Amino acid sequence: MLDCEQPTRRKFLAAAAGATALTLVRVEPVRATPASMKAAIRTVVGEAPLKPGKVKIDVPPLVENGNAVALAIEVDSPMTPTNYVKAIHVFTELNPQPNVISVRFGPRAGRARFTTRFRLADTQTVVAIAELSDGTFWQASADVVVTLQACLETL
Amino acid sequence: MNGPAGHIVVVTLLLCTPPAVAADIPLDQRRSSYADMTPENKAMQDEDSSNPGMLAVLDGGALWNAKAGALGKSCADCHGDAAESMKGVAARFPAFNQSGGRPIDLEQRINLSRTQDQKAQPLAFESKEMLALSAYVAMQSRGEPIAQFDDPRLKPFLDQGRGLFNERQGQINLSCAQCHDDNWGKHLAGNVVPQGHPNGYPIYRLEWQSLGSLQRRLRNCMIGMRAEPYPYGALENVEMELFLMWRARGIKMETPGVRP
Amino acid sequence: MAARTLVNLPKTAKRGQVIEIKTLVSHMMETGFRHDNVGAVIPRDIVTDFVCTYNDAEIFRATLYPAIAANPFITFHTVATESGTITFKWTGDNGFDAEASAHIAVE
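Protein chains in written order, with numbering that gives the first Met the number 0: chain E, 0 to 154; chain Y, 0 to 259; chain F, 0 to 106.
Just so you know, the hints here were simulated from the structure itself, not pulled from any lab data.
Computed from a prediction, not measured in an experiment: that's the story for all the values here.
Any given hint might turn out to be false.
No more than 35 Å apart at the CA atoms, straight line, and that leaves these computed lysine-lysine pairs for DSBU-like [as the list claims (entries may be wrong)]:
#1 Lys50/E / Lys21/F
#2 Lys154/Y / Lys185/Y
#3 Lys118/Y / Lys251/Y
#4 Lys53/E / Lys21/F
Extracted from the complex, chain E is given alone in its bound form (with noise of 0.2 Å):
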């Protein structure tokens, strides 16, 4: 069902470069690699460790419909002005493109919660990244099954 749909490395070439905005680390098969979400996460973490907890994700484990799943993320953490969560990021590992969003908070929130609905183009994992005031990277990833995919359909 997805072979039909898998365009040419030519074909994507030619689609990120008619993309505004779009960072390419390196160039990628569309179909994104559990490799191309390492090397986004690195990107926006670089070379510090990512340290698992602190982050829940709160995601249904099944999906009928890629389109719109429901996310939700919060991290522990006082939210004072001297230990606070600085942003949470989050990734997939076989979208098309591995980035699904990056927020950024500041002791005002109150609380390092956000939700949001994002597509899954495939069963998959999901992770979620919080970067904290103290410099310190957090990891959680949570697993989700989809019926029905989402990104890659025809018209």
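Following the hints, complete the assembly by docking chains Y and F onto the known chain E.
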């Protein structure tokens, strides 16, 4: 349903289902397709501030108040506050249109007002404006039970609609009834088969990523069965809408519904 | 036609209370990965940035990618510090620009 997996399941259904006439769902077992959704999708519909259909309803409210046509009149100029004048209206459409001698659905009725009363251009089926205005009007019936559709003038058209619902069609040679009367609640390619009631229309369908009408959904179903869909506005579509609304009589309207 | 927006937050709050803000904006979020019926790529057209300010101080910001679902829905929190105006601004591809604002009374 997409792809080879869906087709295999459908062919199996075809071979295993005896060609008996499908029975109506007993009245007390009927339920809105809302009941088949995941908790997250229900939450999306439940709150107006998260329901994407409400964006179209807001646009529809603006259109309701906008002057239009040669007479420079808005819907509000004649109909006033929609919450009062349109309450219950969508729940009793399709309705019999005397001058045409046939039933018309809500979208066609809106266009009658536009052309005859406002002297304005009709809105194209499935256009952003038509969806917004019909969503706004239909939302005024949210919570109202669908009408009984016992107008005797509707009977021959209702019977036609019942026939279309029950007859096998398309390359897959399936009828609507075989899935939605006989196999609702079971799974087809990972999705729950709903009873298929029209009480949320126009719906925000996740697969479309936008609002859409009941006619669009019926055309999608027929394409899924590899049958030639009827063009927008065709009598057959209205007859099917009529039958579906009658079949859902008493079920509460939910417009704008969210559906997968 | 300007893009439709829908924001939801309490009209009043106590000083120091953490309130939840819900936002919805009308936008197709065309991913740039879909093809039309003759095989041509449909160009990307998405909302890329969302900023919320509270009496002109930025309290929340998000960078959106094609993986965000159509009609972007984002909720977040803020501490109710003082009465005033909370503004919302969405920007994106092809010069997309949408704004909304709401007042809050804080006692």
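Hint by hint, here is what the structure shows:
1. Lys50/E / Lys21/F: With Cα atoms ~30 Å apart, lysine 50/E and lysine 21/F stay inside 35 Å; holds.
2. Lys154/Y / Lys185/Y: Judged against 35 Å, a Cα distance of about 32 Å means the pair holds.
3. Lys118/Y / Lys251/Y: Distance of about 34 Å is within 35 Å: holds.
4. Lys53/E / Lys21/F: 24 Å, holds
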